Amino acid sequence: MAVDLDALSVSNIFPPMFAAAKDIAGDAWADIRTTVKIEFKALAKRIKEIGKALAAGQINQTTAELLMKMVRNNIISAIALVTNQVMIAAEKIVNAALKVVQNVVNTAIGFPLI
Amino acid sequence: MMRAIGNKLAVLCLGLLLIGCTVRIVEDYDPILDQGLTAYQSDIAAFLARLSANADRPEGKFSHPDVKEFYARTKARLQSFVDRAEALDTEGRCLPANFVGRGIKKAVADSAGLLRSSSLPFHEVEDVASVIKSFGDGSDEVSTGNCTVVMVKVVQANQELLRLIHKENNALPEIVVSIAGPTIDQSARIAIKNEVLKKNRESFN
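So the protein lines, in turn, are chains A and B.
Per this note's numbering, residue 1089 is the first one in the first sequence, and the count goes up by one each step.
Per this note's numbering, residue 99 is the first one in the second sequence, and the count goes up by one each step.
Calculated directly from the structure, the hints in this document are not laboratory data.
Take these hints with a grain of salt, some might be off.
Derived DSS-like pairs (lysine-lysine); straight-line CA-CA distance at most 25 angstroms [said to hold, decoys possible]:
#  : chain 1 : residue 1 : chain 2 : residue 2
1  : A       : LYS1125   : A       : LYS1140
2  : B       : LYS297    : B       : LYS159
3  : A       : LYS1125   : B       : LYS291
4  : B       : LYS296    : A       : LYS1125
5  : B       : LYS159    : B       : LYS291
6  : B       : LYS203    : A       : LYS1129
7  : A       : LYS1110   : B       : LYS173
8  : B       : LYS166    : B       : LYS265
9  : A       : LYS1110   : B       : LYS159
10 : A       : LYS1110   : A       : LYS1187
11 : B       : LYS203    : A       : LYS1133
12 : B       : LYS291    : A       : LYS1129
13 : B       : LYS265    : A       : LYS1140
14 : A       : LYS1125   : B       : LYS166
15 : B       : LYS159    : B       : LYS173
16 : A       : LYS1129   : A       : LYS1140
17 : B       : LYS291    : A       : LYS1133
18 : B       : LYS297    : A       : LYS1187
19 : B       : LYS291    : B       : LYS173
20 : A       : LYS1136   : B       : LYS203
21 : B       : LYS265    : A       : LYS1136
22 : A       : LYS1110   : A       : LYS1125
23 : B       : LYS291    : A       : LYS1110
24 : B       : LYS166    : A       : LYS1187
25 : A       : LYS1136   : A       : LYS1125
Here are some chain B residues the structure puts well away from chain A; computed CB gaps all over 10 angstroms [to be verified]:
#  : residue
26 : ILE130
27 : THR136
28 : SER140
29 : ALA144
30 : LEU146
31 : ARG148
32 : SER150
33 : LYS173
34 : VAL180
35 : LYS296
Okay, the calculated bits of chain A under chain B, using three or more residues with CB under 8 angstroms as the criterion [stated by the list, open to error]:
#  : segment
36 : 1136-1146
37 : 1150-1158
38 : 1165-1175
39 : 1180-1191
Keep in mind that this is a model prediction, so the values were computed, not measured.
The beta carbon of each residue, even a glycine, is placed where N, CA and C say it ideally should be.
Please put together the full structure from these sequences, using the hints given.
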């Protein structure tokens, strides 16, 4: 059986791996940026509202403290979400690169080995 | 030389593929968690709208049986979500959230200590220190576990904070609902978004 060893070279494998990773990383960064913008803007708005309501005597200090804890919790939650977005982007990049290798190997061998 | 490196790389990649290597860092999508959180999000929105409209009536008071029943039922429901998320991944850690949670607690503890040792009048120091200390309380508890667990724990913690606010005021006036409502909605939305993210990842792989 003839195997095309030239097809299994760095110059054949690396460029499509890099291109796949670059595309995914670009999309992921746009999503992460959107998440950070939306969630942290909303949190800043809530902090301002709590301060205004407390200053105007519409809520008491205990209520303000409890509301601030909610906001603090959401800061932690937003960071957890962004963390998972980054991790999933990393998964996609690695898996897309492996898929490129799979295609190159199958083409070089001449039948779907993997 | 280049050909030798290329062949080694090819063998390595081939090896990874032959062992069925699909990299998985984040825990799996959980449809039950997704549906449960979505149902919670609409239930809590309806509850808050009803309570805000009835803030001056008996059915809006903290002591009303329907209100007590809602809090008890929701508490059990959210605890089951946390238990489920934790059971699916007992080893996972969400390091950035964990650092932030512990960091908040440490920062506020240090600030309270500084205020106590300052030359401010005693009663003022105590007030400020108690406010600052209360901000840090519980921040490390919600931030333990994997990132999904952290997000679900925050939904649970915010629901409990709502119950405490209701108890403190004996009602949920419009101004409180206008702040607590979007904050609770945000915590649920973040946790749902996380599930959608994992679901979309499944289709990609």
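Is it correct that the beta-carbon of B/SER140 has no partner in chain A closer than or equal to 10 angstroms?
holds, 19 angstroms
Quickly compare the C-alpha distance for A/LYS1110 and B/LYS173 to 25 angstroms and report which way the hint goes.
Not OK: A/LYS1110 and B/LYS173 at ~44 angstroms, beyond 25 angstroms, violated.
Beyond 10 angstroms from every chain A Cβ: check whether that's true for B/LYS173.
holds, 16 angstroms
Taking only the CA atoms, is the gap from B/LYS296 to A/LYS1125 under or equal to 25 angstroms?
holds, 21 angstroms
Given hint B/LYS291 paired with B/LYS159 - CA-CA distance at most 25 angstroms:
Outside the cut-off at roughly 33 angstroms; violated.
Over 10 angstroms from every CB of chain A: does B/ALA144 meet that, or does the non-interface label fail?
B/ALA144 clear of chain A: closest Cβ-Cβ about 19 angstroms, beyond 10 angstroms.
Quickly compare the C-alpha distance for A/LYS1136 and B/LYS203 to 25 angstroms and report which way the hint goes.
Cα-Cα ~22 angstroms, so holds.
Is B/LYS296 truly not at the interface, in the sense that its beta carbon sits beyond 10 angstroms from all beta carbons of chain A?
violated, 7 angstroms
Does B/LYS166 lie within 25 angstroms of A/LYS1125 when you go C-alpha to C-alpha?
Between A/LYS1125 and B/LYS166 the Cα gap is close to 37 angstroms, so the pair fails against 25 angstroms, i.e. violated.
Run the distance test for B/LYS291 versus A/LYS1133: straight-line Cα separation, threshold 25 angstroms.
Given pair B/LYS291, A/LYS1133 holds - Cα atoms ~20 angstroms apart, limit 25 angstroms.
Restraint check for B/LYS166 with B/LYS265, where alpha carbons must lie at most 25 angstroms apart
holds, 10 angstroms
If I take the minimum Cβ distance from B/VAL180 to any residue of chain A, is it greater than 10 angstroms?
holds, 13 angstroms
This entry does not satisfy hints 2, 5, 7, 9, 14, 24 and 35, going by the numbered hints stated previously.
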